Structures are given as structure tokens and as C-alpha cells.
Amino acid sequence: DQQVKQNSPSLSVQEGRISILNCDYTNSMFDYFLWYKKYPAEGPTFLISISSIKDKNEDGRFTVFLNKSAKHLSLHIVPSQPGDSAVYFCAVSSGTYKYIFGTGTRLKVLA
Amino acid sequence: DAGVIQSPRHEVTEMGQEVTLRCKPISGHDYLFWYRQTMMRGLELLIYFNNNVPIDDSGMPEDRFSAKMPNASFSTLKIQPSEPRDSAVYFCASTTGTMSGTQYFGPGTRLTVL
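Chains A and B are the protein sequences, given in the same order.
Numbering-wise (this note's numbering), the first sequence opens with residue 5 and increments by one.
Numbering-wise (this note's numbering), the second sequence opens with residue 8 and increments by one.
Certain hints may be false.
Derived list of chain B stretches under chain A, where covered just means 3 residues or more per stretch with a C-beta under 8 angstroms from a C-beta of chain A [what the hints assert, rightly or not]: (1) 45 to 53; (2) 95 to 104.
Dumping the calculated BS3-like pairs for lysine-lysine here, alpha-carbon to alpha-carbon at most 25 angstroms [claimed, not checked]: (3) B/Lys85 - A/Lys112; (4) A/Lys60 - A/Lys72; (5) A/Lys75 - A/Lys9; (6) A/Lys9 - A/Lys72; (7) A/Lys75 - A/Lys58; (8) A/Lys112 - A/Lys72; (9) B/Lys85 - B/Lys31; (10) A/Lys102 - B/Lys85; (11) A/Lys102 - B/Lys31.
If you anchor each label on the Cβ, the simulated ranges turn out as follows [what the hints assert, rightly or not]: (12) B/Asp64 - A/Ser98: 17 to 25 angstroms; (13) A/Ala74 - B/Gly10: 33 to 41 angstroms; (14) B/Arg117 - A/Ile57: 37 to 45 angstroms; (15) A/Met33 - B/Glu51: 16 to 24 angstroms; (16) A/Ser14 - B/Gly35: 35 to 43 angstroms; (17) B/Glu51 - A/Ser14: 16 to 24 angstroms; (18) B/Asn59 - A/Ser14: 38 to 46 angstroms.
No lab work stands behind these hints, which were simulated from the structure alone.
Please read these numbers as outputs of a predicted model, since none were measured by experiment.
A virtual CB, placed ideally from N, CA and C, is assigned to each residue, including glycine.
Taking the hints into account, I'd like the entire structure generated from these sequences.
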């Protein structure tokens, strides 16, 4: 039933190392993919996105990779910093404003 | 800009009571979204509006839930009667009708139904 899955509920990484967050989706019709970050007691904030015509998009320390054949999306954070500790949600859409979000992965970056 | 404003931030009520959550979108944004976040299901879209008109309400869980947008700067999500399983964090988000369509979220309302 879940169209978007984030199979790792939590992840711990040492400061300075790479954080890799994963997301799988089921429908090949999805053509726009996003990552949001959420701190406690705040709303999610947009982090980075990618359209289906690309397989990589980079913004500073954050890179999103899209593997359409595997229906897999990943977010790489290099180097990880303690301020990156948050819950990360992936989201997908198919040409509309209707986003479908995953259940989130809680990232903890250890100093 | 003040961002998306939601009120109240916390709401505790008893089962059977009516609950009304409020949202003020960012000025100039013509899309408004209501989401619910739970541990089990993550962020679920309940309903969204374009130019104050409901476009997709397929995520509204049942008839106890209703949403309105009487004007461009105000929306409500009402639950009547409320049940313990409605306990969650409810977010409102808004965006403009641009290609990127990045949604800007409010801080959320944490609802607890006893």
C-alpha cells in the first residue's frame, strides 16, 4: 500500500563522514522527487529536488541520486555535521502538486 | 515574510469534541495543503486547495474530517467528533503555481484526543 518507503527509521553517522539516506518508490509514473528535513517542533523544510530527466542533482554538501530503473532515490550528505541531525522525508509526485511522502529517517550525526 | 502560520500549536481535547485547526498561508501563495503526520504512516496529504477551491480531498480519512478555505489567507480543518486515533501532528503548507512548486510548511498543530 505504501507507495514510498524509507526502510531505515534511523541512522547514526560520525561527524565528517558521509550520510546516505534511501528511499524506494513503486510507481514509475512519478517524475519529481524531493527531500525535506524536519527538526523537532518545526515543520518540514525543503532541502533538494530532482526531476526524472536527471540522475543526479547537487547543492553544496547535499546530493540526490535517482535510479529510475530501480525506482530508488538517495540523499548523500558530505561531510555530515551535527546540525544535520533531523528527520529526513523523501517525497514523490507525478506532475501535480500532490506529494506522497515516506515515513522518514531520523539521522543523528555524532560529534 | 512570516511564513505559514498555524494555530493552535497544541490542542488537547476529549473524545467526541469538535476540533478546529487554523492556517494562514504565505501571502501570494495560491495552493494550500493539509497534512497529517503519524509515526506509522509518516506525512499524509489530507486535502489541497487551489485558489480557495478544494482540488483533491481523497486523503481525508472519513466524513468526520472537513476543510474549508473561505478566502486566500485562511483555512480550517475541522474534526467532528474527534477520536483518539486522530491524535497526530497536523501541518499546513502553501506554495505558488510555479514549476518547482516547493511547499512551505507551517510549524504544525499537535493534537491529542483523550
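Right, here's what the structure says about each hint:
1. 45 to 53: holds (count 7)
2. 95 to 104: holds (count 3)
3. B/Lys85 - A/Lys112: violated (35 angstroms)
4. A/Lys60 - A/Lys72: Given pair A/Lys60, A/Lys72 holds - Cα atoms ~11 angstroms apart, limit 25 angstroms.
5. A/Lys75 - A/Lys9: holds (11 angstroms)
6. A/Lys9 - A/Lys72: holds (15 angstroms)
7. A/Lys75 - A/Lys58: holds (13 angstroms)
8. A/Lys112 - A/Lys72: violated (28 angstroms)
9. B/Lys85 - B/Lys31: The given pair, whose Cα atoms are some 15 angstroms apart, holds under the 25 angstroms limit.
10. A/Lys102 - B/Lys85: Roughly 21 angstroms between the alpha carbons, so the hint for A/Lys102 and B/Lys85 holds.
11. A/Lys102 - B/Lys31: holds (20 angstroms)
12. B/Asp64 - A/Ser98: 17 to 25 angstroms: holds (18 angstroms)
13. A/Ala74 - B/Gly10: 33 to 41 angstroms: holds (36 angstroms)
14. B/Arg117 - A/Ile57: 37 to 45 angstroms: The hinted range 37 to 45 angstroms holds for B/Arg117 and A/Ile57, with Cβ atoms some 39 angstroms apart.
15. A/Met33 - B/Glu51: 16 to 24 angstroms: Once the Cβ atoms are compared, 19 angstroms apart, the range 16 to 24 angstroms for B/Glu51 and A/Met33 holds.
16. A/Ser14 - B/Gly35: 35 to 43 angstroms: Holds, at about 38 angstroms.
17. B/Glu51 - A/Ser14: 16 to 24 angstroms: Check passed, 21 angstroms falls within 16 to 24 angstroms.
18. B/Asn59 - A/Ser14: 38 to 46 angstroms: Between B/Asn59 and A/Ser14, where Cβ atoms are some 40 angstroms apart, the hint holds.
Of the hints listed earlier, those the structure fails to meet are numbers 3 and 8, in rising order.
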